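There are 2 protein chains.
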Amino acid sequence: MSPTSSAAIPQYLDKQRLQVDAELERILPGAGEYPPSIHQAMRHSVFAGGKRLRPILCLESGRLFNGDERSLRRLGCALELIHTYSLIHDDLPALDNDDLRRGKPSCHRVFGEATAILAGDALLTLAFEIISEPGAGIEERRLEVIHDLSHAIGTRAGMVGGQVVDLETAGHTTSAETLDYIHSAKTGSFIRAAVRSGALDAGANPEDLGRLSAYGGRIGLAFQIADDLLDVTSTREELGKSVGKDDQQHKATYPAIHGIEESRRIAVQLVHEACQALEPYGDRARRLQELAHFLIERTH
Amino acid sequence: MSPTSSAAIPQYLDKQRLQVDAELERILPGAGEYPPSIHQAMRHSVFAGGKRLRPILCLESGRLFNGDERSLRRLGCALELIHTYSLIHDDLPALDNDDLRRGKPSCHRVFGEATAILAGDALLTLAFEIISEPGAGIEERRLEVIHDLSHAIGTRAGMVGGQVVDLETAGHTTSAETLDYIHSAKTGSFIRAAVRSGALDAGANPEDLGRLSAYGGRIGLAFQIADDLLDVTSTREELGKSVGKDDQQHKATYPAIHGIEESRRIAVQLVHEACQALEPYGDRARRLQELAHFLIERTH
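These protein sequence lines map, in sequence, to chains A and B.
Numbered per the working numbering, the first sequence spans residues -10 to 289.
Numbered per the working numbering, the second sequence spans residues -10 to 289.
Check before you lean on any hint, since a few could be wrong.
[Said to hold, decoys possible] Heads up, incomplete: computed chain B residues facing chain A, CB under 10 Å, no partners named:
(1) Gly38
(2) Asp137
(3) Ala174
(4) Pro269
Hint data in this document are derived by calculation from the structure and do not stem from the laboratory.
Computed from a prediction, not measured in an experiment: that's the story for all the values here.
Virtual Cβ for every residue (Gly too), placed ideally from N, Cα, C.
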């Protein structure tokens, strides 16, 4: 029986988040560094209050194989830079046209479209600069992380591919299969890569990597289903971003296709499978299992 | 005395370009690959007829140190993907708002803004996927290439930083110092990194790398001065993109600050210095020296 999310998890997440934020502060150029506007825009979006889910997944995955803490923390921060790049570009008027993100005005609302586009570009670029920094980790592992990650955020069933199909299907009737493609490409593949990156950096063998991939793939999809559910069931204040946007934009969602109850059931089942994949590690995988449960608890 | 561009250089460039294009064809997803729109947009801009200057510089730089041809060619293609990403984003309405690029409609004119933004993102991402591909080269060298290159195209005196200052100074009086920052950051740093990348991939030692950096830095600035001159002196048909845009957008240029004749003199001097930096290699550096001359001959 896999554990449910423990009472201690919010404190644990807070502590991890603060460590990640401190490292992000060291990584990002200062707000006064030339040219200041772009660095202010990057910092605005990175420090707008994210949960740091991807860095924490990377850290916990790497800890399972006794990875180096500093190396994992830097790598985790690079993942957060990539995540923030994707949010900035998604929010642009030409894409989702969202004015609010993480409870604050989105990047282009504050800094204008040109700077927002370039800030996204710069965060993606900085992520690769951080992952490749000298002495960061073992070189061949880092190169494998870059390859794995860049594939996961690219066009071939990766993040950009998912975003394209999401945009193109808005306003049209979408099949359950297409919706699964969108979710697994747009969100799932990057979350899975975040989990894999920690394991890769820590030198996990192929069998271990397979287990972590199974875990990451399932929580990635569960997380997106939870996100769909929150868009239907939350208020703007709870969510810190515009709600009901999926419906307004006629985007396909799990609740729209499968209904709210069935969507919840699928998410619970995915989390169950994710936790099962880690059972060979016994209590050492407890945090990752708790995280899986935590991801969907928000939706109850 | 450094050689001037030989009569054979156009044929040489054609041959190199065809090799690069054949490799780009292998690298880019097919126009029918799912999701097709993004792959068509990426291909539209990559195959719109570029000179492949950065790949050719990478190839020639690596050949000087007996680098592996296939490895250099793949790396060179990654540079071209990055170059194309920067062109697509620069042309967007929020930035330079350019309808014409390399003689064809710019990406957003054909595929819309959303797809153009994502196509740029995807090309940048694919570049890192290619540089990090397994068996591509020696791992520690490839990681160094990624680090060097991502810095050169970032915000700290890199390509994005230059673009930001270029946009922000448009319409204002710009000092010669700021113009040098824009040119060296926006264009020069990436061209320098292209030259360095080939040398790094081929295992050049620090002293060699210093010479190639000196060469790359100077031709990068000379190239941008030549570009400024062409904007003043060419027709739309010759250039394959809108002309006189710099003046219309009140952008700072070398001819505007230094005058046409003085700008030409500076470019010639930079090319002379670039060629001098390679003199220790004698005749083996002839192609790189010819390329330097070729870059500014267009402006006579």
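Do the hints match the structure? See the list:
1. Hint status for Gly38 (chain B) relative to chain A: violated, with the closest Cβ pair at about 23 Å, above 10 Å.
2. The beta carbon of Asp137 (chain B) comes within 9 Å of a beta carbon in chain A, closer than 10 Å, and the hint placing it at the interface holds.
3. With its C-beta approaching chain A no nearer than about 9 Å, Ala174 (chain B) sits inside the 10 Å limit, and its interface hint holds.
4. A least Cβ separation of about 27 Å between Pro269 (chain B) and chain A goes past the 10 Å threshold, and the interface hint is therefore violated.
Of the numbered hints stated above, those contradicted by the structure are hints 1 and 4, listed in ascending order.
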